[in-house]
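Asks: So you can see what is in the structure, the chains are spelled out below.
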Amino acid sequence: MSTIKTENITKQFEGVHALDGVSLEIPRGRVTGIVGPNGSGKTTLVNVLSGIVRQDAGVLHIGGKEVSILKPQQVNAHGITRTFQEVRLFEQMTVLDNILVVVTERAVAASLFRRRQERCDREARQALETVGLWEKRSSPAAALSYGQRKLLEIARVLAMREAEVYLFDEPFAGLFPAMVDVVVKVMQGLKQEGKSVVLIEHSMDLIRQLCDTVIVMDEGKLLAQGTPETVFAKPEVIAIYVGK
Amino acid sequence: MQELIYYFTHLAIIIGIYAILALGLNLVVGYTGLLSVMHAAFYGVGAYATALLMTQLGFNFFIATGLSVVIAIVLSFAIGLVLSRFDGDYYALGSLGFGVILYSVFLSWRGVTRGALGIPQIPKPELFGFEFSQITVFLLLVVVLAAGVYLCSRFVTRSSFGRVLMAIREDERAIQVFGYNTLYFKLTVFVIGAGIAAIAGALFASYITYINPSSFTAMESIYLLSIIILGGLASLRGSVLGAVFLVVLFEGLRHIGLSSDMAAHMREALYGVILVALMLYRPQGLVGKYKL
Ligand SMILES: Nc1ncnc2c1ncn2[C@@H]1O[C@H](COP(=O)(O)OP(=O)(O)OP(=O)(O)O)[C@@H](O)[C@H]1O
Ligand SMILES: [Mg+2]
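Listed in order, the protein sequences are those of chains A and B.
Residue 6 is where the first sequence starts when you use our numbering, and the numbers rise one by one after that.
Residue 91 is where the second sequence starts when you use our numbering, and the numbers rise one by one after that.
Don't read these hints as lab results, they were simulated from the structure.
Among these hints, one or two may not hold up.
[Unchecked claim] Now the stretches of chain A that chain B is said to cover, found in silico as 3 or more residues with beta-carbon under 8 Å:
no. : stretch
1   : 55-68
2   : 77-84
3   : 91-97
4   : 100-111
Quick caveat: nothing in here was measured; it's all calculated off a predicted structure.
Each residue gets a CB set at the ideal place from its N, CA and C atoms; glycine is no exception.
Just chain B, same shape as in the assembly (with noise of 0.2 Å):
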């Protein structure tokens, strides 16, 4: 009994953190129909900094993570300026590129991420002195911060802000003639999803206390997709639910008796399969009503 509480409190937190991932993602691919195939890219931005950070420098997590999200933010806007060059399909090759090239920085990057040792012993939240160690109270503070990402999302997108998002993704040239220069937005957004990801980031590397940059693949920013087209794009909840319906589907694969290896190559396989089928039947996903 214990340990199947243990269990799903764990599964919670690993829902919890995709959910946070899936609406930052959302925001810039759903919303703006920015197709970004970087977005776990700035996951490990988040894990990697709140990590060395808590681990090289001492810092609380909470502190570290604060800096993660303005290193992501920084970043990503950077990034955010060459990518605006693109368009569509173009937007999609150079996100992809970015990410590939973040992936090799925390793979070869030895001096400061020790490459594929990775890094252990990543301590947990700490705050006035109460240690956020037992997995009950992990996952309160997953569920606060995937709470509070959840209430700036719907701020976001119900703002007069999130209308000319929409309006970018349906036709970036006509909103531009009715005087919304729309780069600003574009670079707004995609910060907004980075940072977003960093938080996540932050919960993973304290929450697993080791990571390495396997967790950070371009496979992973498929997957992040995946859950987005899963749920619904331009959907909030959508986004939750194919966070919790594809967490879910990969551990169910665990339990039908598949080595964790095999389940991980099922998953990859599956991922294929709900994506081609979703073009096929249901683009707008299970609860969206938007298309890209």
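Just chain A, with the same shape it has in the complex (with noise of 0.2 Å):
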């Protein structure tokens, strides 16, 4: 069963077709890897699917609903939830404030008003637990060391406790190995709860190791999408790596 299907997403930048008529599928509660050659359009499509950016053309079904325009603003209600290639943290708060601010509540008088602190204070407690930032918790988003920034924006996510489905965006580029391990065990956790989990990822190892499909993309379109094993024996896929 899918969580999120797209059918024939075509985006262009000034002439670049940076995705080309992608139709797939995102099996619910599995780990879906996204591979491709740098510029082949991976960061797009996730962008697609979490309104940053619209598509020129087709539509989206997310969880059995077509949506033809996804704002950024409902990217949330329909439970979905990402990190950034290129980290987004809220630079001038707090390490705790990041993670507060995507638990406690959306609406305004709400937020104003009703002030839940205790369970908002023990979600984001645990959250930078998983990730080993508690300590850090009241400097500023901004001091921290570049690994510490990528952590940080993954337990902004894992603090988003009803979403379905995470979006994560070269959540290891740059890690050391023990902040790798970190991530793994998060990716690992979010799979046993049931969760949805794309990862765009360069590292094949980490692939193998991870996903239970594989979708490669190359030049905007979907070039083979199935198991590791079966898609990296594959002539076309093998040989847009081996050509690189």
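Can you join these two chains into the complex? Each is in its own frame, and there are hints to help.
Replies: Written out as structure tokens, the structure reads:
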């Protein structure tokens, strides 16, 4: 069963076909890897799935509902959350506030008057402890190291308890091995909870280790989809990797 | 001695009014990152609405103030909706445009505002037969209202709502993805800021007893911005401190033997210098921690 389905998604940037008629399904409760050369449209696909970029043509089906225009502020209601390839934190806010802001009330009046501090604090603490950043809770996000910043982004989506689909855009890039282990555990944990995980990643080892399905993109097109073994055995997939 | 007390009381009232203005503006600019260059216009709306309601319709100051806050809220809601289509630099330009429009309304809607002639003989506040005509009593009113505004601002900024405002300032698109309809938050804070400015306008009108459009120019908006930048963006204490500092500085200029006309020019030049120097050496202001 699929949690997200795309139909003929197309997106051009000044003549560049970032996405060129992409139709695919993301299975529910699985870890799906997205691989492909630089500039093949992986990030653009995730941007479309999270309302950051609006497609020129094509529709999405999210949880069985057809969605032609996905606005950023609706993404959360569809149970989708994400991290960014270029880390996007609330830089001048503390580490703790970066997490609290995604667990508190979403409506204006509720956020002003109804303060469910205890639950929020507990959830924020849990998320930060999972990635080992609880000790840093009072520093501004801007003061963290590169790897810590990536971990904070991951903690931020972890704190989104109600999300069903987690989109990670190169979460392992630039991490020390110890940090990689932390993130691997996070992904495995999410899968165990029955969440759907989408993971853009260049390392074949990590893809093999974590993913149930792999989507291969090339020049904005879907080149192949299947289990890691079958996909990586396909000549056209081998060709783009050997060719590069 | 009597005169000295009078003078310092007067200074304190002016500082109080500017502190109220700065607190409201800081919610919008410092916390939310919306570079509004029209705060003086809402100040003017409050002043004119209160003045007109009191002189033309004989309303009590407190009722007139309440109504002018409502007027400012409705107006800022409409303007905020239009401004929500802009980002960054365009937001500043768009809000500047609205500020100029409102100033022109004060100036040219002669039938109501009497244009450049202004509105004289605005009465003092009165409550249950007690008149706030003595300057010290008026100061008390200003202090009470300023304290109220301060506490409200603190309530707003320490709530989850305030945290969302800062997230909007840091990365609006990202916080949208986490499920916030940022338009509502931006509108709400804009409306709160305008309502607070209207309170300051009401106090100003009733205190000076005479208003004309020259107090509500774009230059005045920039002056208010320089107060919060000097004091510290996203700092409530900074707003108050900035108001104290700049009001006292302007007064100081008058006392080194400059004519008030000359002092006014010097004041403008000095703001310019302060702004540039701050941007160069201390963009977070005197007690602030944040940058735009
Ligand atoms: N906002 C944008 N404006 C202009 N061009 C863009 C934009 N976003 C993506 N592109 C272009 O679209 C193409 C696909 O980019 P995308 O970022 O989706 O690739 P990617 O597969 O994520 O690459 P990488 O592995 O380097 O992250 C590239 O040619 C890129 O230059
Ligand atoms: Mg990418």
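Asks: Take the hints in turn and mark each one as holding or not.
Replies: These are the hints, each one checked on the structure:
1. 55-68: Answer holds; 3 residues pass the 8 Å Cβ test.
2. 77-84: With 5 residues closer than 8 Å to chain B, the stretch 77-84 of chain A meets the three-residue bar; holds.
3. 91-97: Since 5 is at least three, the answer is holds.
4. 100-111: Per the Cβ count (7), the hint holds.
Of the numbered hints listed earlier, not one is contradicted by the structure.
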